[in-house]
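Student: Based on the provided sequences and hints, a complete structural model is requested.
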Amino acid sequence: MKEIWKTSRRVACVLAGLGIVLSLAGFALSGFDPRVFSATVDRGTVSFGGTVVENPENLPFISTLAEMGSVEYGVSSDEEVS
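If you count by the numbering used here, then the sequence shown holds residues 616 to 697, one letter each, in order.
Think of the hints as simulated: they come from the structure by calculation, not from any bench.
Don't take each hint at face value.
[Claimed, not checked] Here are the computed distance ranges between Cβ atoms for each label pair: (1) Ile635 with Glu672: 23 to 33 angstroms; (2) Arg658 with Val629: 28 to 38 angstroms; (3) Leu637 with Gly665: 16 to 26 angstroms; (4) Lys617 with Gly646: 38 to 48 angstroms; (5) Ile619 with Gly665: 45 to 55 angstroms; (6) Glu618 with Glu672: 20 to 30 angstroms; (7) Val667 with Met616: 47 to 57 angstroms; (8) Thr655 with Leu630: 19 to 29 angstroms; (9) Pro649 with Val629: 23 to 33 angstroms; (10) Thr666 with Met616: 45 to 55 angstroms; (11) Lys617 with Phe642: 32 to 42 angstroms; (12) Thr655 with Ala627: 26 to 36 angstroms; (13) Ile635 with Ser662: 20 to 30 angstroms; (14) Ser653 with Cys628: 27 to 37 angstroms.
Cβ atoms here follow ideal geometry from the backbone N, Cα and C, with glycine treated the same way.
Tutor: Here's what the structure looks like:
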């Protein structure tokens, strides 16, 4: 039973370390701009540090999140949209 706890602690430490590394990498990719931690995406509108971004396509990775905000409900590929 001790081996299970040792293994689970190791896995938890690796995941916590990986999370820290990924957040630091995201911070570096943002150009070391602390406003990246307060970025929000709401219905295709990107707010970066309280300021609405006019053209989110210029922001790496955040533009992908902005595109996810335009989801159409109740439309399938078989139906014709008019």
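Student: Tell me, in ascending order, the numbers of any earlier hints that this structure violates.
Tutor: 6
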